[in-house]
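K.L.:
One letter stands for each residue in the lines below.
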Amino acid sequence: GESVGLHLPTLSVQEGDNSIINCAYSNSASDYFIWYKQESGKGPQFIIDIRSNMDKRQGQRVTVLLNKTVKHLSLQIAATQPGDSAVYFCADLTGNQFYFGTGTSLTVIP
Amino acid sequence: DAMVIQNPRYQVTQFGKPVTLSCSQTLNHNVMYWYQQKSSQAPKLLFHYYDKDFNNEADTPDNFQSRRPNTSFCFLDIRSPGLGDAAMYLCATSRDPGYSNQPQHFGDGTRLSIL
Numbered sequence: 114g115e116s117v118g119l120h121l122p123t124l125s126v127q128e129g130d131n132s133i134i135n136c137a138y139s140n141s142a143s144d145y146f147i148w149y150k151q152e153s154g155k156g157p158q159f160i161i162d163i164r165s166n167m168d169k170r171q172g173q174r175v176t177v178l179l180n181k182t183v184k185h186l187s188l189q190i191a192a193t194q195p196g197d198s199a200v201y202f203c204a205d206l207t208g209n210q211f212y213f214g215t216g217t218s219l220t221v222i223p
Numbered sequence: 093d094a095m096v097i098q099n100p101r102y103q104v105t106q107f108g109k110p111v112t113l114s115c116s117q118t119l120n121h122n123v124m125y126w127y128q129q130k131s132s133q134a135p136k137l138l139f140h141y142y143d144k145d146f147n148n149e150a151d152t153p154d155n156f157q158s159r160r161p162n163t164s165f166c167f168l169d170i171r172s173p174g175l176g177d178a179a180m181y182l183c184a185t186s187r188d189p190g191y192s193n194q195p196q197h198f199g200d201g202t203r204l205s206i207l
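Chains as they are written, first to last, in the numbering used here: chain A, 114 to 223; chain B, 93 to 207.
Check before you lean on any hint, since a few could be wrong.
For each label pair, taking beta carbons as the anchor points, the in silico distance ranges come out as [unchecked claim]:
| # | chain 1 | residue 1 | chain 2 | residue 2 | range |
| --- | --- | --- | --- | --- | --- |
| 1 | A | 142 | B | 151 | 18 to 24 Å |
| 2 | A | 122 | B | 120 | 34 to 40 Å |
| 3 | B | 165 | A | 140 | 26 to 32 Å |
| 4 | A | 155 | B | 148 | 34 to 40 Å |
| 5 | A | 169 | B | 164 | 47 to 53 Å |
| 6 | A | 220 | B | 104 | 40 to 46 Å |
Everything labelled a hint here was simulated from the structure, so no lab data went into it. Note that the Cβ used here is the ideal one computed from N, Cα and C, for glycine as well.
Put together the whole structure using the sequences plus the hints.
P.N.:
Following this line, the structure appears as structure tokens:
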């Protein structure tokens, strides 16, 4: 769902630790969800997606979990690296429209 | 390699002076989107084109207009920019998302400053 106007929450993790970033969506009709990574001065970059008929999907070092009951999405990053420092957004699809969640700014401490 | 290209990367205009931002794509996607992103905030959808069909978000000001002359190009026109319109403007494309469930591809944005 849309969360415009809210400033970014932040998350700091030690290099090598796992990171968990959370997102709540509001539209129960949403059937497709995406996590994006946005580095400073760049556009959002696709990380991983999940359809509403799934609860979990894994990629390389990343896992997305979907809980439709409470309309919650999470992104887990294993063995977080300095290059993972960025802002992470979830987005959900309703019809042809993608709406972004608030986002989380992740800082990895070497 | 860039598949969604936005020009220019930085644009400065004067208060009230019309400005046009451009976006082109090499992906042949049928949907193109414009988002406004202010500092430390999520991108906000302004409108999108599904082929030639224009779809405006209810809260997008009339000051913002768009044109899509062909599949590859889409323009964002700001008729009378105000100081509050200073932001990053992101263009994105996707292929029939409601049917195929595929993610958007984003350009690197145009950062607009208003003097």
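K.L.:
It remains to establish, for every hint, whether it holds in the given structure.
P.N.:
How the hints compare with the structure:
In this structure, residue 142/A and residue 151/B meet the distance hint of 18 to 24 Å, their C-beta atoms being roughly 19 Å apart. Between residue 122/A and residue 120/B the CB atoms are about 37 Å apart, so this pair conforms to the stated range of 34 to 40 Å. Against the hinted window of 26 to 32 Å, the Cβ-Cβ separation of residue 165/B and residue 140/A comes to about 31 Å, which satisfies the hint. Our hint of 34 to 40 Å for residue 155/A and residue 148/B is violated, since their Cβ atoms are close to 27 Å apart.
A C-beta distance of roughly 37 Å is found between residue 169/A and residue 164/B, which places it outside the suggested range of 47 to 53 Å. The beta-carbon spacing between residue 220/A and residue 104/B, approximately 31 Å, falls outside the hinted interval of 40 to 46 Å.
Comparing the model with each numbered hint stated earlier shows that hints 4, 5 and 6 do not hold.
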